[in-house]
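Undergrad: Letter by letter, the chains look like this.
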Amino acid sequence: MPSAETKPLLEMDRCTIRFGGLTAVSELTMSIGAEELVGLIGPNGAGKTTVFNLITGVYEPSEGQIRLGGESLAGRKPYGITKCGIARTFQNIRLFPSLTVFDNVRVAFHLHLKHDAVHSLTRFRAFREEEAQIATQTFELLEIFHLGKFRDAAAKSLSYGDQRRLEIVRALATRPKLLLLDEPAAGMNASEKQELMKLIRFIKDKYKIAVLLVEHDMQVVMGICERILVLDYGIKIAEGAPAEVRRNPKVIAAYLGEEVEIKNSK
Amino acid sequence: MLSRSQYILLATLLGVLVVSLFSSSYNPYFLDIAVTCGINITLAASLNLINGFTGQFSLGHAGFMAIGAYSSAVLTTNYGAKLLPLVGGQTWILFPVALCVGGLVAAAAGLVVGIPSLRLKGDYLAIVTLGFGEIIRVILQNIEAVGGARGMIGIPDYTNLFWAFGLAAVTVYVVWALVNSTYGRGFIAVSDDEVAAEAMGINTTRYKIIAFVVGAFFAGAAGGIYAHFKQYIAPVGFDFNKSIEIVVMVILGGMGKNVGVIVAAVLLTVVTEPLREFGQYRIILYALLIIGLMIARPQGLFVWPLWKRKNA
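Residue numbers (my numbering), protein chains in the order written: chain A, 1 to 266; chain X, 1 to 312.
This is chain X alone, in the form it adopts within the complex:
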């Protein structure tokens, strides 16, 4: 027997699958935005585990995404011809495998970055993770086998609505389930007070590494979705700005708030679309929107109770 949360996950996956089956009848423009929403939900929810729940301020999420994007793209593009016959030519088997590989490589990177840098706290950790993200980008720029700075082309078009939202649903479930248990309350304890957490028998380093590895895994998988959606990836797409974009989603949604972060990811993806007619100015409007929201709702978009009267 499954638990209630697992039924919700299954129902969501099924719903997404049904909606996805009719993809061809939807407006491709909206479909495009929807898939981007799915990717951003995955990125924001996974970063929320690291930044929000565990309180480890990471600015390197785009780095993990890049690692996942490149490794899954290399697998399907360069080795797809060899691997496809092994799974009977079924791309729906090959693609999740590629996503998992991307996620695992990113998770391994998360582990490698995590262990030394988790001795650092706060601003220092933020700077180290920022440096890590940049290193990944520069390394990718210099690997000719994946196109160097020109980027990688010819990635097969495997992503659809189902994969994008399916992964988002799984990510949200994993983050939720991980935190909502006696074990998982330890993540929040680490974020609240490390000294007290240690005194309560919580191995803070272990918790931080788990958060980093799980967060990196889903960022990597999201990178895989992105690569097989755009069919073209370049290092410049995974720069510092991308990391900041994800951090903004988490902060706007409310650190450590699952629903808020999902809403913020969707909102920030969709909101720039009607602003397209303003051309370059839309970035200014976008920035103003974030500033406005931060002033109006510093605790995050969806933090219950939604309307709380200020205490006199």
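Looking at chain A on its own, in the form it has when it is part of the complex:
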């Protein structure tokens, strides 16, 4: 359960979204505390990515409300929600392929710029100082995540694992309060998964942010999450500490199916 002493960072209050006749997410209520690491799991098609898209403003809930730090996010465009402090990565990596590694991160500092289009034309001292400062910050961030050596390489030329890492770094550059990771372990081997788990923990501790993790890989989810939510057919079927969730019969049923008595028809 979320720590009761502080107000939760993100609250989803009875959120429902329907696509035509299909209810993808139904009356989902959940909350994430500041600096909490929450996992969101569920079988294929359970609505996990839809929840991400609801939080990040790609979809608007048909019913219900989403609040960040007590403030409603209704009606905000995705870029506005990022501005409020929610950053995400994508299930299928979405870097800016033609930009360099450095520029991929630099562009994410955009939100905290004091300058805009006009200042890039006049190029006064304040502009140049800010640019130099951003360059330093970008480089520092790349160094922390061991991507510094690739700074001038095109993002598309990186290896798969490095691209995943770069996407997380880029999201961090927007200075989020909540980081949403959509299947970061997809396509990774066992040692890469270990690395990733270390990385997520490191990010949480260093930047003091909350993380919501959608993941198929049980080893990763059970290994690092403090709390886990289980979705099935858009409905929350379980919530709790990893050990509790693992034993929950509903969860086992959702993943493995229920025991059914097969009657002989004859």
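Just so you know, these hints were derived from the structure itself, not from any lab.
Model, not experiment: these values are computed from the prediction.
Among these hints, one or two may not hold up.
[Unchecked claim] Partner residues are not named here, just some residues of chain A that face chain X (Cβ under 7 angstroms, in silico): (1) P78; (2) R94; (3) F96; (4) A117; (5) S120.
[Said to hold, decoys possible] Taking lysine to aspartate or glutamate pairs in the EDC-like style, the calculated list, with each CA pair at most 20 angstroms apart, reads: (6) K121/X x D193/X; (7) K77/A x D193/X; (8) K156/A x D193/X.
Note that the Cβ used here is the ideal one computed from N, Cα and C, for glycine as well.
Put chain X on the given structure of chain A with help from the hints.
TA: Quick look at chain X alone, frame taken from chain A:
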């Protein structure tokens, strides 16, 4: 203190001014081609911001050019007699003002076209902008005050080498400076992946509109240079073919590559000249050249490294 890029711009402007002072001693034929080069560089560089850097495929650049050409020409031709005394009879003050007015009217058109049509993507946007360009042409054809289909005559001869290349230099600087900043990397991000750009806090609509407005402004100003260079403008000169011509320059030069686009604009302006003796066939040769270049260098003329070995 200026930044290095601004010193380069100033040096270029100064150089163009010096070269331009001796215009009378140059061969008028070459002068003519040079001014056309300047206009085409401006058009191609400004379209490069929209098509190349921001990835919004626009086929309406000739429309913006037409708006700028007509509005600046109306200002100098019809109101020149009244306005000239206000600036002490100095055409070198009146002309840039007229160019700015042309640019601003075109930019306003860019805004009007931009806001509704930027909800569209890719091919659909291309079709809408193409339609826009045609609408402008047809409207101009039906305004009798500017000569209708016959065109507008008697435009004063204000354009010289300095204005043509000065504007080209400013355009290239603006496009370069806009894109080469943390803010400006957003244009390329929009072109690369809109969904990811939004997720990184980039207001994609705003970026697209800025690209359209700035691109339209310089296309309009280039139209003004063109009008005061030919001293005669007709709607037919700003048709679909003109838009395509500019798009070809951008694609040939390399989408989102400033140097390549400048070289392509010059190349495509100059290359048809020696082919004049072939008469109508030169258009075929021109087309073949473009096809050949596209096969040989699909990434654009000047994309570094110039000679890259194919990976095995």
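Undergrad: Quickly compare the C-alpha distance for K121/X and D193/X to 20 angstroms and report which way the hint goes.
TA: holds (12 angstroms)
Undergrad: Given F96/A was flagged as interface, is its beta-carbon under 7 angstroms from a beta-carbon of chain X?
TA: Holds, because the Cβ-Cβ distance from F96/A to chain X comes to roughly 4 angstroms (cut-off 7 angstroms).
Undergrad: If you draw a straight line from the CA of K77/A to the CA of D193/X, is it 20 angstroms or shorter?
TA: holds (16 angstroms)
Undergrad: Is the interface hint satisfied for R94/A? The criterion is a beta-carbon contact with chain X at less than 7 angstroms.
TA: holds (4 angstroms)
Undergrad: Against chain X, is P78/A within 7 angstroms by beta-carbon distance?
TA: holds (4 angstroms)
Undergrad: Would the hint linking K156/A and D193/X be met if the CA-CA limit is 20 angstroms?
TA: Since the Cα atoms of K156/A and D193/X sit roughly 13 angstroms apart, the hinted pair holds (cutoff 20 angstroms).
Undergrad: Under 7 angstroms, Cβ to Cβ, is where A117/A needs to be relative to chain X, so tell me if that hint holds or is violated.
TA: holds (6 angstroms)
Undergrad: Would the stated hint for S120/A survive a check requiring a Cβ distance to chain X of less than 7 angstroms?
TA: holds (4 angstroms)
The structure meets every hint from the earlier list without exception.
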